[in-house]
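Following the hints, put chain C in place on chain W, whose structure we already have.
Number of protein chains: 2
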Amino acid sequence: MKQKTINITEKFDLFSDLWSPKVVAEMNNYQFKIAKVKGEFVWHSHDDTDETFIIIEGKLTIEFRDSKVELKKGEMFIVPKGKEHKPIANSECQIMLIEPKGVVNTGNTVGERTAENNIWI
Amino acid sequence: MKQKTINITEKFDLFSDLWSPKVVAEMNNYQFKIAKVKGEFVWHSHDDTDETFIIIEGKLTIEFRDSKVELKKGEMFIVPKGKEHKPIANSECQIMLIEPKGVVNTGNTVGERTAENNIWI
Chain W
39 MKQKTINITE KFDLFSDLWS PKVVAEMNNY QFKIAKVKGE FVWHSHDDTD ETFIIIEGKL
99 TIEFRDSKVE LKKGEMFIVP KGKEHKPIAN SECQIMLIEP KGVVNTGNTV GERTAENNIW
159 I
Chain C
39 MKQKTINITE KFDLFSDLWS PKVVAEMNNY QFKIAKVKGE FVWHSHDDTD ETFIIIEGKL
99 TIEFRDSKVE LKKGEMFIVP KGKEHKPIAN SECQIMLIEP KGVVNTGNTV GERTAENNIW
159 I
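So the protein lines, in turn, are chains W and C.
Residues in the first sequence are numbered from 39 upward in steps of one, following our numbering.
Residues in the second sequence are numbered from 39 upward in steps of one, following our numbering.
The shape of chain W in the complex, shown without the other chains (with noise of 0.2 Å):
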């Protein structure tokens, strides 16, 4: 059978690059993507989906236009489709994104900080 067990937390120890979804599966065309995060990212929104992220290791905030959002290892968030948001992590923070194959990490706002898309691991 393709389909292999996946070990989360030990998928998180072969990379070390910050704010690069790395892909670890596929389920009908969604993909689950891990990401080590830390300082600030860019306020953007998917236009097109729901975005899910789980917090594997460590503390997140998501920032929106009007509130924000605390979220803590064992916990998870579903930003809203079109809803602009920024991540923040004080510290060095594991995350799980579930979203459709072919969702860009920065969104709508293409610039130095969007990663290469599709690259698993």
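These aren't lab readings, by the way, just hints derived from the structure by calculation.
Keep in mind that a hint or two might mislead.
Only pairs whose alpha carbons sit at most 27 Å apart, straight line, appear in this in silico BS3-like list of lysine-lysine [stated by the list, open to error]: (1) C:K121 with W:K49; (2) W:K121 with C:K42; (3) C:K97 with W:K49; (4) C:K121 with W:K42; (5) W:K76 with C:K111; (6) W:K110 with C:K49; (7) W:K111 with C:K49.
Model, not experiment: these values are computed from the prediction.
What follows is chain C alone, placed relative to chain W:
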């Protein structure tokens, strides 16, 4: 904002029935469901979709007709569309399932183990 932070572990404190998935979040037309499982489930398949298992606590075996996988806390596995499978847990195990809204727990094997669908917690 409608969306709420979901603490996955705390959600498991809210119910005790086995093999009865509860929805905790929705992303586009997909749902995140959690379930407590123990013992053997029924052989079934989901003919229209892959199904993602993430182990939150404990251990789960997923048997296939030709093989099996053994999963523990922090591991995930995606059962391919149409693949017959039977989950088994020797001790109580907490799992998260991710799949399109409307997917029935017993797939093509409707019977006494078929749980009511779309129950939120």
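Cross-check of the supplied hints:
Pair hint C:K121 plus W:K49 holds up; C-alpha atoms about 26 Å apart against a cutoff of 27 Å. A hinted pair counts as satisfied when its Cα atoms are at most 27 Å apart, and W:K121 with C:K42 qualifies at roughly 14 Å. Of the pairs offered as hints, the one joining C:K97 and W:K49 holds, with about 19 Å between alpha carbons and a cut-off of 27 Å not exceeded. In summary, the hint linking C:K121 to W:K42 is supported, as the alpha carbons are separated by about 14 Å, within the 27 Å threshold.
As the CA atoms of W:K76 and C:K111 are separated by approximately 26 Å, the hinted pair is consistent with the 27 Å bound. With a CA separation close to 15 Å, the supplied pair W:K110 and C:K49 stays within the 27 Å bound. With a C-alpha separation of about 14 Å, the suggested pairing of W:K111 with C:K49 holds against the 27 Å cut-off.
This entry satisfies every hint, going by the numbered hints stated previously.
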